[in-house]
Every structure is written in structure tokens, then in C-alpha cells.
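Undergrad: As they're listed, the protein sequences go chains H and B.
If you read the first sequence in numbering that gives the first Met the number 0, its first letter stands for residue 0, the second for the next number, and so on.
If you read the second sequence in numbering that gives the first Met the number 0, its first letter stands for residue 0, the second for the next number, and so on.
A couple of the hints might just be wrong.
To be verified - Result set (EDC-like, lysine to aspartate or glutamate): computed pairs, CA atoms no more than 20 Å apart in a straight line: (1) H/Lys68 <-> H/Glu30; (2) H/Lys116 <-> B/Glu8; (3) B/Lys12 <-> H/Glu139; (4) H/Lys116 <-> H/Asp136; (5) H/Lys84 <-> H/Glu60; (6) B/Lys243 <-> B/Glu227; (7) H/Lys68 <-> H/Glu103; (8) H/Lys84 <-> B/Asp454; (9) B/Lys12 <-> H/Glu103; (10) H/Lys116 <-> B/Asp454; (11) B/Lys321 <-> B/Glu194; (12) B/Lys321 <-> B/Asp399; (13) H/Lys9 <-> H/Glu80.
No lab work stands behind these hints, which were simulated from the structure alone.
A quick note: this is a predicted structure, and the numbers were derived from the prediction, not measured.
Take a look at the letters that make up each chain.
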Amino acid sequence: MPVIAFQNLKKSYALGENTVHALRGVSLEIEAGEFVTIIGPSGSGKSTMMHILGCLDRPTEGRYFLNGKDVSNLSRDELAEVRNKQIGFVFQGFNLLPRTTATENVEVPLLYCRPVKPAAQRRAAAIAALKAMGLGDRTEHLPNQLSGGQQQRVAIARALVNEPTLILADEPTGNLDSTTSMEVMRTFQELRERRGITIVLITHDPEVASYGSRIVAIRDGLIVSDKQNPDRNAVSESQRAVANA
Amino acid sequence: MLPAAHAFELSFKALRRNRMQTLLAMLGVTVGVGALVTSIALGNGAQDAINDQLRAAGANVIVITAGNYQVQRPEGTEGAAGHEASIRRFDPHLRPAGYGQDDQEMSLRNAMWRPSAFPPMWRDFDVPRQPASSGFMRVHYEDDPNAVHDHPTAKERLGDSMAGLGAAATLTREDAQAIRTQIPGIQFVTSGVHENARVSLPPTGAANAPGGRQWFTRLHGTESELPEIRRGWTFTHGKFLTRKHVDDAARVMVLGKWVADRLFGPDVDPIGKTVMLWNQAFEVIGVVGSRSWAVQPAAGDDQFDAVYVPVTTVHELLNLSKLNTITVTTESAGDTTRIAGELVKLLRERHGITDTMPDDFTVKTQAQQLLGKGLPPDLARVVAGNMQSVDTLTIEKLSDSLSRANWTMLGLLAGVAAVSLLVGGIGVMNVLLLSVTQRTGEVGLRIALGARRSDVATQFVLEAVLLSVVGGLLGALLGIFASTGLERVFQWSASVSPSLIVLAIAVAGLLGAASGAYPANRASRLDPIQALHHE
């Protein structure tokens, strides 16, 4: 069973008197354990696709199966539960709560998880997620005391804390320099390889896209190319070799 | 729902963020709740004062006075025929029925007793007769304009008068005790001896130095139950006499506020100090003032321009054994008429008064006294004669109109409070809207991470409620402070009860919830996609 199945998905907005067709009929299946990068220029409809993938928006037409369940027509609160349990978000701007420690930031998804776990368990899970991201010594730091890469790793820890099946990353390296971007991308690769988490990453940068195991290109609301990325392992191996040396 | 502790923490953080706006909004709620608490406290206080006054007016108080001044012989009924008629018409219980039907001067029912109804032997034996031309029969030698007035001592007077004579003094503490034990429905009984007296501070310094400040006032020899009867009392210092003081005939004294102010000054605590009375040193154990703003101590007012000592002490020092009054309260105000009747029966029996003789005491409900006060004697008698209906009616009417006036005032004050609460609520809403705008990005993130609409809404409502409840607590304090201040400065009475504080905080909480509802709803409807990208 695919983690994600789009069946002829369409999305259009009324913009003044015009109707904007952001997605014009997208069909896509993503299997568990894939690292799919979706690439496209701005205005290609990739953001819309991301919102629908993330259950933040509903398609105008077509159906979306997440883990085999049709989520195209769920209510707002039902979608909230789906997002909370099954999807981990990583945003371009990190979107950490200001004046809130790393641990507390990571705890946020647990607060909306029903039934709510006791405070001690929530805290332990958050610290474990931070440690897995190599931030064991930054648990009580505030976002403005962390570097961009560290902030994005806190955000990834937050995405992972509820043990979702899918991680959605929207331009996660957009605010980072190239070295840090590489580190973050490697982190995603390791997540996939070590934990078998399905990752969907949206970017406009072909270099970033090349970290994926499968690259889907989108343009004008349609998928224009969808291919496996054989280089991916090589990149990963070479990087690991560098890291180990 | 978010975990409660976390939700509170979030609210605190959010409120801390806009400290100035939060404080100003809180101030609005504080003023509103303060106004509410003050107005209700004053309204309640006024109602209490009205009730106190009515109680003090004595719906359930009966006073038995030694002597019977209602007994009077009218003109022109001298002679055998009149005598016969009078015997027939004589009513020892002073019940008005059947009286005055053939009296030309009195068309209304009248309560009176005619001395000419006395058996001739008794009259000849005890009462010196005047020539019939005088018109009045002398019923007491003090009433004789020709007599040499050699006033008897107090001891001689108390006890020497015969039944039916104004000065008769036959009430005893044993009578009081009998009333206490033998009549059902009695609440409190207290004996009283009343004198005029001079109280003074003890002389200071050398033996020939002039005495301290002095004051001529009313002296009440009484018992420990008196404060239970005088419901409008409050003790500004100390306490009232105890039963032990009365049993021991102790040299202790409770000062009325007016006397205390005259002797010691208004801000002095006179407890434990010495006051001289009849050259005896009395220890001051209490100062009694009025609980009601409507009744304030004044010169010659008999309650606060007065001193209270144990009745036994007065008896001992003046070598007396009789009482001037016995004051009784009934458990139920509706019982006074019945119990007054029983009192008359019991006392007549105890005093050995036969059916043809008049009472040697006067039983009056306080309502009767009050209503008759200031009226010309004839009119007062008419009022007393028709009392049974008059007293309940008038007291109820009085109570009604006072209450209505009070509720009008309270309504006005509550209106002011409601307006200030409304303004406070607008302030809260304003802060919340600001908070929602500032935290749009955060709300978007929380929604993306799985917050339901109710989670978001609850968070903002909680924030508003928290803000308002803290404001409400401060407002309650402000209200207590303000009403106490008004009570002090303007002598109004205010009554702040714990339930009023609970009400104030509940109102603040509801206000917060109502003001927070719109911002919270707005936040919960935010589109996560737009909110996430909101900077």
C-alpha cells in the first residue's frame, strides 16, 4: 500500500474574477521509505501540492489517499488529527515559537495528540528527539540562541516527535547556507535509511532535489517528469566516506 | 483541550508579551468589578440598615414598664351613678372593646381606666379624697397641687405605690425570671433600672484637685441579654456585660459611644479605664455604637448617650430591689400580641391583682411606643387602641417603601457598574484581538501541528478569562476598600460578604469569556496556510 496516492488531483482558486488552476490533474503514488523531492519553479503548483499533501488544504477534484485512507473530504478537525499523528512538517522559516525553549518547541505536537501524555513523558520524548538530532546539549536553548542549522534540526526533531509515517519538508534549506543545507539534507537521508521514514521534500533547487531517491518535476500544475535518482546512493556513500575519513 | 498547566503557562506568556495593554485592560475590569462590588456592598448595607432599623423599631420587642400611666379618671363621672357604670365598664387588661361608647369627648375606642370604679372602701382607705368640685380625683399624693411635696427617697418610692398608680414600682427580677421560664415563645428577657446619673473621670493628682471631665447621662442598670434585643448595636471597643458581671454585681460599665467620646475623646480606647459613678470606681469594659448609618449617637438619645451597668450593681448601690422595666423579645414578630396578653396575665397573677383592679404595670410593644411617640396624648391613645391592625400594616409599609427606595438606588449603582464592566470587557477584547494578530503565525503553526479549532479558541478564551479574573480579584479588593472607605467617611453602611466576592470573580470570569469569545473564534477560523506565512 502506498503511503501517498493522488488520483487525478485538481485544485483551483477563485482569484477575483479569474479562476486559477494550480493543479490540473496530478496522479502520484509514493511508497513507504521513499525520499521524493518535488521540484518546480515558482508558480508551478508545487506549494499547492505541498498544502494538499500536508492536509492543510483540500483538493477541488480528485482523491487523496494517505496510508490507504481517503482524506480528500475530511473536516477541519479530522484533518488536524491526521496532521498531528501522521505528518511531520519542516518549514523553510523553521517556524519555531519564539521565547520558547527547544524542548518546549518539540513538545508542541504532543500537546495536541489525544489522549495527552503526562508532562514527564512529553518532555522525555522531546529530549530524545533532540538527542537524535544531535542537539542533546541544546535542549534548554531558545531559538534565538541557536544557529540556523540547529534551528532547522530542532524543527526536524519536532516533526519526528510524534513518530509520523511521513515527513513533509517545504524548502527546508531555503534560509540556510550551502554547507548547512548539505548537513540538513544528509540528516533527511539518514532518517530515511535508518528509520525508513517516507520523506517528501519540495524545492526549486535542482542540487537540493538531487538528494532524493526519486525526483518529481512539476510545471504549470502537471507532473512533467518522475524518475528514480540512482545517484542518490553514490552521493550518500561519498558523503559518508568524507564524514568517516 | 490542552493540558491545563500548559494552557495556563501559554496564557501567562501571551499576556506578559503585551504588558502595558494587558495592564490597562485589567485596570478596566478592575474598575468595573470594583464598581459592582461597591454598589452591591452599599445596597446590601442599606438593606441591612433598614432591616436593623425595623428590628430596632421592635417588631418583636415588648417593654413592661412599672406603673400604669394609662390609668386616668376623666372629668364629670364622679358620683354613684358614674361609679356603678364604671365598674361595669372597667377592663383590667385595657382591651379597648366597648370603651368610650358613651363618652362624648372620645368617639374612637379608647383605652382607659377609671379610678372611680374602685370599691369605695379601698378608695377611702388609701386615697385621700378631694372635694368633688375639683373635678379630678386625686390618685396619688404627688398629684395634689395643695400637698406639701416632700419627695420620698428612691427606696421609699419604689414599692410604696399602689396598683393603678403611675409611680407604682412592683416589677422585680423574679418577675423577669418567671417570664423567662414560664412563657413559651420568649426569646430574651432583660431587667432594667433607669436613672439619670453623672459619670466622670476619676480625679487626678492632689487630693484637692478638681475632678476629671464629667457628663450627665442616662444610666441603665441592665443584664447581659440587652445587646440581643438592641440589634442595631455594634461594639466599637470591648464587649457587653456578662452574666457573671450581673450575678456578682460587678463594678463594670459599658459606655455609649456618645459618653465615651465626651469623657475620653473619639479615638481613645477606654477599655480598662476607670469611670466614677456615685463616688464608686467602675471599670469600662465596652463601648457601644450604632451599626446603622441612619441611627447615629447623639446627645440625649437614650442608647448611646447612656451608660450600662449590671442591674444588680444599681440595686446594691442604691439599695433598691425593684425594676423600672422588663424588656422582652419574642421569637416571632407575629407573636407579640399573644405574648403581651400572657405577660399581663402572668404579672397580674404574680402581683396578686384581682379582676377589678388595674394593672400596676404597662405592657407595650415597641411598635406601639414608636407610633405613639410625639402624638398628642388623646391621639396616641387612639392609635394605641387601634394598634393591632396599625402596627403590622405600618411596619410592613415602612419596610416596603424603604426597600423600594433602596433598590432604586442600588439599580442606579448597578447600572453604573454594568457600564464600567462593559467598557472593561471592550478593553479585554481589544487586547485579545491584538494578541490574535500578533500571534497569527504561531496560531498557524499550531493548527498545522494538529491543534483543533477548539484548542485554539480555548487558548484565547482562557487568556481573556485569566486577564479578567485577575482584574476581578483586584476589583474585589478595590470594591472592599472603596465601600469601607465610604462607610468610614460618609457613615454609610456597606456589607461585603464572601458570596459577593465570589460573585464578583464569577462576573469577571464571565466577562472575560464573553470578551474573549469573538477574538478566540477569529483565531480558530484562521486559514493555516495564510497564517503560517504571516509575518
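Undergrad: Against each hint, give a clear statement of whether it holds in the structure.
TA: So, going through the hints one by one against the coordinates:
no. : hint                  : result
1   : H/Lys68 <-> H/Glu30   : holds, 14 Å
2   : H/Lys116 <-> B/Glu8   : holds, 17 Å
3   : B/Lys12 <-> H/Glu139  : holds, 17 Å
4   : H/Lys116 <-> H/Asp136 : violated, 24 Å
5   : H/Lys84 <-> H/Glu60   : violated, 25 Å
6   : B/Lys243 <-> B/Glu227 : holds, 17 Å
7   : H/Lys68 <-> H/Glu103  : violated, 31 Å
8   : H/Lys84 <-> B/Asp454  : holds, 16 Å
9   : B/Lys12 <-> H/Glu103  : holds, 13 Å
10  : H/Lys116 <-> B/Asp454 : holds, 16 Å
11  : B/Lys321 <-> B/Glu194 : holds, 13 Å
12  : B/Lys321 <-> B/Asp399 : violated, 41 Å
13  : H/Lys9 <-> H/Glu80    : violated, 23 Å
In summary, the structure is inconsistent with hints 4, 5, 7, 12, 13 from the numbered list given earlier, while agreeing with the others.
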